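Visitor: As given, the protein sequences belong to chains A and B, one line each in that order. Using the UniProt record's numbering, read the first sequence as starting at 1 and increasing by one per residue. Using the UniProt record's numbering, read the second sequence as starting at 1 and increasing by one per residue.
Worth flagging that the hints you see were computed from the coordinates, not collected in a lab. The model shown is predicted, which means the values in this text are computed figures rather than measured ones. Possibly wrong hints are sitting among the right ones.
Simulated coverage check for chain A against chain B, where a stretch passes if three residues somewhere in it have a Cβ under 8 angstroms from a Cβ of chain B [said to hold, decoys possible]:
id	segment
1	187 to 195
2	202 to 209
3	479 to 491
4	507 to 516
5	599 to 607
No farther apart than 20 angstroms at their CA atoms in a straight line, the calculated lysine to aspartate or glutamate pairs in the EDC-like style are these [stated by the list, open to error]:
id	chain 1	residue 1	chain 2	residue 2
6	B	109	B	145
7	A	36	A	287
8	A	595	B	216
9	A	595	B	231
10	B	109	B	99
11	B	220	B	17
12	B	220	B	189
13	B	109	B	257
14	A	36	A	294
15	B	109	A	193
16	B	109	B	133
17	A	595	B	87
Note that beta-carbon positions come from the ideal geometry of N, C-alpha and C, so glycine has one too.
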Amino acid sequence: MSVMNTVASSPAPDRALDFVPKSRWTVLRRLVSQPKGIVGLTLVVLYLLLAIFGPALAPQDAFRQNFAQTLQRPSAAHWFGTDQLGRDVFSRILVGARATLGIGVGGVSFAFLIGVPLGVLAAWRRGWVEAVVMRAIDVMLSFPDIVFALAVVAILGASTQNVIIAVGVVSIPVFARTARAVTLSILAEPYIEGSISLGASPARVILRHVLPNISGMLMTLSTLLFASTLLSASGLGFLGLGTQPPHPEWGTMLGESRSYIRSHPYLATFPGLFLAVSALAFNLLGDALRTIYDPTSRRTARPARFLDLLRRKRAPAAPTAALLPPSPGAAVSVRGLRMAYHSQEGLLEVVRGVDLDIMPGRTLAVVGESGSGKSTLLRAIGTLANPQEVAVTAGTIEIGGESALGLAPEALRDLRRRKIGIVFQDAANALNPVLTVGQQLTEAVQTGSSLDAAAVRQRCIDLLGDVNISDPERRLDMYPHQFSGGMKQRIVIAIALAQDPDVLLADEPTSALDVTIQQQILVLLREMQRKRGMAILLVTHDLNLVARFADDVAVMYAGRLVESGHVATVLARTLHPYTQALRASAPGGAEGRGKRLLTIAGEPPMIGALPSGCAFRPRCQRSQNRSQCFAEEPAIRLVASRQVACCFAEEAC
Amino acid sequence: MNAPFPMPQGGAIPQDDDVIVVDAASRHFGGRRRLFSAVAAPVVRAVDHVSFRVPRGTCFAIVGESGSGKSSLARLVVGLLRPTAGEVTIDGVALSTLDPVGLRAMRRKVQLVLQDPRASLDPRMTIFDTLCEALTVHRLHPGREARLERVKAVIALVGLSPAHLGRYPHELSGGQRQRAAIARAIICEPEVLVLDEPVSALDVSVQAQIINLLADLQAKLALTYLIITHDLALVEHMADTVGVMYLGRFVEQGDVEQVCGAPRHPYTQSLMAIAAQIEPLNRDQPATVLEGSIPSPLAIPSGCSFHTRCPLARRLAAVDGADIIQTADGRVPRRCAEDVPLPHAAPGGRSTATCHFAASPLPVSHD
Numbered sequence: 001m002s003v004m005n006t007v008a009s010s011p012a013p014d015r016a017l018d019f020v021p022k023s024r025w026t027v028l029r030r031l032v033s034q035p036k037g038i039v040g041l042t043l044v045v046l047y048l049l050l051a052i053f054g055p056a057l058a059p060q061d062a063f064r065q066n067f068a069q070t071l072q073r074p075s076a077a078h079w080f081g082t083d084q085l086g087r088d089v090f091s092r093i094l095v096g097a098r099a100t101l102g103i104g105v106g107g108v109s110f111a112f113l114i115g116v117p118l119g120v121l122a123a124w125r126r127g128w129v130e131a132v133v134m135r136a137i138d139v140m141l142s143f144p145d146i147v148f149a150l151a152v153v154a155i156l157g158a159s160t161q162n163v164i165i166a167v168g169v170v171s172i173p174v175f176a177r178t179a180r181a182v183t184l185s186i187l188a189e190p191y192i193e194g195s196i197s198l199g200a201s202p203a204r205v206i207l208r209h210v211l212p213n214i215s216g217m218l219m220t221l222s223t224l225l226f227a228s229t230l231l232s233a234s235g236l237g238f239l240g241l242g243t244q245p246p247h248p249e250w251g252t253m254l255g256e257s258r259s260y261i262r263s264h265p266y267l268a269t270f271p272g273l274f275l276a277v278s279a280l281a282f283n284l285l286g287d288a289l290r291t292i293y294d295p296t297s298r299r300t301a302r303p304a305r306f307l308d309l310l311r312r313k314r315a316p317a318a319p320t321a322a323l324l325p326p327s328p329g330a331a332v333s334v335r336g337l338r339m340a341y342h343s344q345e346g347l348l349e350v351v352r353g354v355d356l357d358i359m360p361g362r363t364l365a366v367v368g369e370s371g372s373g374k375s376t377l378l379r380a381i382g383t384l385a386n387p388q389e390v391a392v393t394a395g396t397i398e399i400g401g402e403s404a405l406g407l408a409p410e411a412l413r414d415l416r417r418r419k420i421g422i423v424f425q426d427a428a429n430a431l432n433p434v435l436t437v438g439q440q441l442t443e444a445v446q447t448g449s450s451l452d453a454a455a456v457r458q459r460c461i462d463l464l465g466d467v468n469i470s471d472p473e474r475r476l477d478m479y480p481h482q483f484s485g486g487m488k489q490r491i492v493i494a495i496a497l498a499q500d501p502d503v504l505l506a507d508e509p510t511s512a513l514d515v516t517i518q519q520q521i522l523v524l525l526r527e528m529q530r531k532r533g534m535a536i537l538l539v540t541h542d543l544n545l546v547a548r549f550a551d552d553v554a555v556m557y558a559g560r561l562v563e564s565g566h567v568a569t570v571l572a573r574t575l576h577p578y579t580q581a582l583r584a585s586a587p588g589g590a591e592g593r594g595k596r597l598l599t600i601a602g603e604p605p606m607i608g609a610l611p612s613g614c615a616f617r618p619r620c621q622r623s624q625n626r627s628q629c630f631a632e633e634p635a636i637r638l639v640a641s642r643q644v645a646c647c648f649a650e651e652a653c
Numbered sequence: 001m002n003a004p005f006p007m008p009q010g011g012a013i014p015q016d017d018d019v020i021v022v023d024a025a026s027r028h029f030g031g032r033r034r035l036f037s038a039v040a041a042p043v044v045r046a047v048d049h050v051s052f053r054v055p056r057g058t059c060f061a062i063v064g065e066s067g068s069g070k071s072s073l074a075r076l077v078v079g080l081l082r083p084t085a086g087e088v089t090i091d092g093v094a095l096s097t098l099d100p101v102g103l104r105a106m107r108r109k110v111q112l113v114l115q116d117p118r119a120s121l122d123p124r125m126t127i128f129d130t131l132c133e134a135l136t137v138h139r140l141h142p143g144r145e146a147r148l149e150r151v152k153a154v155i156a157l158v159g160l161s162p163a164h165l166g167r168y169p170h171e172l173s174g175g176q177r178q179r180a181a182i183a184r185a186i187i188c189e190p191e192v193l194v195l196d197e198p199v200s201a202l203d204v205s206v207q208a209q210i211i212n213l214l215a216d217l218q219a220k221l222a223l224t225y226l227i228i229t230h231d232l233a234l235v236e237h238m239a240d241t242v243g244v245m246y247l248g249r250f251v252e253q254g255d256v257e258q259v260c261g262a263p264r265h266p267y268t269q270s271l272m273a274i275a276a277q278i279e280p281l282n283r284d285q286p287a288t289v290l291e292g293s294i295p296s297p298l299a300i301p302s303g304c305s306f307h308t309r310c311p312l313a314r315r316l317a318a319v320d321g322a323d324i325i326q327t328a329d330g331r332v333p334r335r336c337a338e339d340v341p342l343p344h345a346a347p348g349g350r351s352t353a354t355c356h357f358a359a360s361p362l363p364v365s366h367d
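Based on the sequences and whatever the hints tell you, model everything.
Guide: Right, dumping it as structure tokens:
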């Protein structure tokens, strides 16, 4: 089947062709394969051994006081020194491991087992259950931790068990609130709805889908709370309510050593060290487990080596074909543009030699699929490409006769402000929700101008009127959320037009909008163009929209413009097999009812994993595996009044 | 195909052939006072008095803009939402008669395929685990071997290979993910697939593959489709019958040829006019646009809910001697703003349009 030949879609090495369900040892194997997993697991096992065998291993009696040898420095006899009562600190640490870890793990587990179900329940049931649970938790949070713990111990009595409950109760609100918040966001995911509609029971949805997906967050929270739980336990101990002296416990030891922190700092050092390392151990193990259970984070990131950094500086040797001079009078003129993403594997070429011109008053539509490089191209022309992510490796860009490459930040901003307006796909995110529309328009109008306040306001009103927003004076003081999606996109267009740009860049300006609103926005853009004579670069994946709206079209595939020319010429008879296939595969309405659609085999190629020769060859109907298609990237030639990059373009004439 | 379109008004008499029967179903949200809150939440009429039926093996399309209630209607059919009024019957069983356990068992028959396969598959489960879950939930094909057998058969049916089973969703391409989502939907041998914008999140060159796959599966497995989309070209290609939804109601419904070929409701006419434009816009002539945007479902306009945007009402109001009133959105015939329109059947009865003026021939042509 044709869909098998996906290109580089899997970062994982190809597994065996046949599928074998995973074995139960997979988790351990994956855990040990990560450095943090192996360190974390080793440390946690060591701590557990310490908790079990600590008292047996203690070289001296941890309870025997020796007033002749108080506050001694570490020595051969007392490895970690002695405390204020002359007891051996090393022995006390070994003996105290059990109580300490018991309180830490016990307290966190107690809070986890009560808080997480409460939070998940609140998020799942909503309504009054959520209201009651959350208000109760807010009340709990309003008390200081230690007061709460004291109250619990006072009621239940002082014992290690009750201290565990006390410090656990303190952490319940944190778990419950976090669990509710992350559960709510997971429940909003479509796969939850998918699994409910599959017929899965609520218990199954929560256990199989919600808990695994919130476990990472809760695991991190647990390791953070582990340390703070021990500290609040030691606080209780300090008040005489925790582990009772003379029984050792690291938090209490740390608390007692506070009085001697100046004169005898080592007294605090060792219990503190053991505490810190224990928190670190659980943290590492939790992190490693999370990596295992979250497959999306398992891409083994290779650390950037120094040599790679050096290599990045140098652009790959671009073919130094003589570039044509930029067209005089063009609003935008791009010549031989090549761009590449910085990545772990080095530079990945995403734009591979683009020439284009947009004349004032005309609209050029760049059509392509995801990964074709169309949005990167638009960002480069808009001088918005982030040089940290993507580099221009060859070619020139001129906006209104001025070069847009190699400018200082100040000059770049100035060029952008004077000549370029940009409209992105998602109008909802393009506006700042906490500023009024007027404030945002004012900002756009004022930059680089010396108008007074009244003139600025009048200009804002005019702009809103231009984009057909009725009652503009009142609308200026409204916030973005008070407008519909179509209105927001009009406001974004008004902001883009504020400085009378020479060129308007529009990246999928209507694909987030409803059909009827789409039409309104397109008609508006066309009207603005007619009034102001600006050039428009429209990036889209919708050929029908291009046919209705653009003057020129450029079809982009794998970083190159494979077919470009006047819309009427190109769409009347497409010559490149990709353009032809795109046209043919769209559902054609009533005539094609019930018939099979023509399809393009395979999937769009991934950046950096292009086939040899012509990038479209593996999906091409015309190639028939002719050797020319394997041998060379087809040159862009003038065939039947349009530019086309296919060795056999004439076959379609 | 081309089954005579049953009239929505009048009691819905289930016929043996109808897999989905929706009878005057409504779904309202809000209206209840919440704990610790003084005022009742406003009522949103997401779906209001909608009726349709889908014969076995056919495809019914719901078309509408965002906010029209089409997603809520789909969730009523799947049983994810319960109707506030009315009844949804699947394969002869009324959903309201089922308890939660029975409803879950019923879900085996109605499966949902969502728009974005990246989001609709659990990122922490391999494709194998995802497919197995469906079998486990409904206790089908018990036993490790039988289950693996079934999973492999389904994966071949949607054009994936066993090598894909061990992968996680993020390791697949968009098209492969949607194939996996479809595999999950069909693995329990359902009667009905509810397809919520099944191709709009995919690359253009991959969309045709998925549309063909859906057509193949429908023929092979005798599936009944309910497809939700805003793409009228897709509707004309795939659907047998269609309902055009506006603010929770069907403004026009019936056979696809009739509704899309000769639309009688002004809203459908506007949608079709936009979809049919493949010629470049004439720069010197004003283009046809439908003014305004869909009103909030919190404040549905009185009378005919489309009157605030209706081009036909504007034209009728311009005719002398008509009974006209002034509204916030301009002058419209009094009937449009005050009376709720009833469905009018087209000659031949193969479609109905809910417009006061659908019965009479249009007084003014729309060009």
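Visitor: Are the hints correct? Go through all of them and say.
Guide: Here is what the structure says about each hint:
Proximity of the segment 187 to 195 of chain A to chain B, defined as three or more residues with a beta carbon under 8 angstroms from a beta carbon of that chain, is established by the 6 residues found. A stretch counts as covered by a chain when three or more of its residues have a beta carbon under 8 angstroms from one of that chain; for the segment 202 to 209 of chain A and chain B the count is 3, and the coverage holds. Figure legend: the segment 479 to 491 of chain A, annotated as covered by chain B; annotation consistent (4 residues with Cβ-Cβ distances under 8 angstroms, at least 3 required). Given as covered by chain B, the segment 507 to 516 of chain A passes the check, having 3 residues with a CB less than 8 angstroms from a CB of that chain where 3 are the minimum.
Closer than 8 angstroms: that is the beta-carbon criterion, and the segment 599 to 607 of chain A has 4 residues meeting it against chain B, so the requirement of 3 holds. The suggested pairing of residue 109(B) with residue 145(B) is violated, with an alpha-carbon distance near 24 angstroms, which exceeds 20 angstroms. Using a Cα cut-off of 20 angstroms, the hinted pair residue 36(A) and residue 287(A) holds, with the two alpha carbons roughly 8 angstroms apart. Of the pairs offered as hints, the one joining residue 595(A) and residue 216(B) holds, with about 11 angstroms between alpha carbons and a cut-off of 20 angstroms not exceeded.
Only pairs whose Cα atoms come within 20 angstroms are accepted, and residue 595(A) paired with residue 231(B) is accepted, the gap being roughly 17 angstroms. This hinted pair checks out: residue 109(B) and residue 99(B) have alpha carbons roughly 16 angstroms apart, not beyond 20 angstroms. A threshold of 20 angstroms between alpha carbons decides the hint, and for residue 220(B) with residue 17(B) the separation of about 18 angstroms falls inside it, so the pair holds. The straight-line distance between the Cα atoms of residue 220(B) and residue 189(B) is roughly 12 angstroms, inside the 20 angstroms bound, and the hint therefore holds.
Only pairs whose Cα atoms come within 20 angstroms are accepted, and residue 109(B) paired with residue 257(B) is rejected, the gap being roughly 29 angstroms. Restraint check for residue 36(A) and residue 294(A): satisfied, since their Cα atoms lie roughly 15 angstroms apart, inside the 20 angstroms limit. For the given pair, residue 109(B) sits about 16 angstroms from residue 193(A) by alpha-carbon distance, which is consistent with the 20 angstroms threshold. Restraint check for residue 109(B) and residue 133(B): satisfied, since their Cα atoms lie roughly 16 angstroms apart, inside the 20 angstroms limit.
Annotation: proposed proximity of residue 595(A) to residue 87(B) is violated, straight-line Cα distance about 35 angstroms (limit 20 angstroms).
The structure does not agree with the numbered hints 6, 13 and 17 stated previously, though it agrees with the rest.
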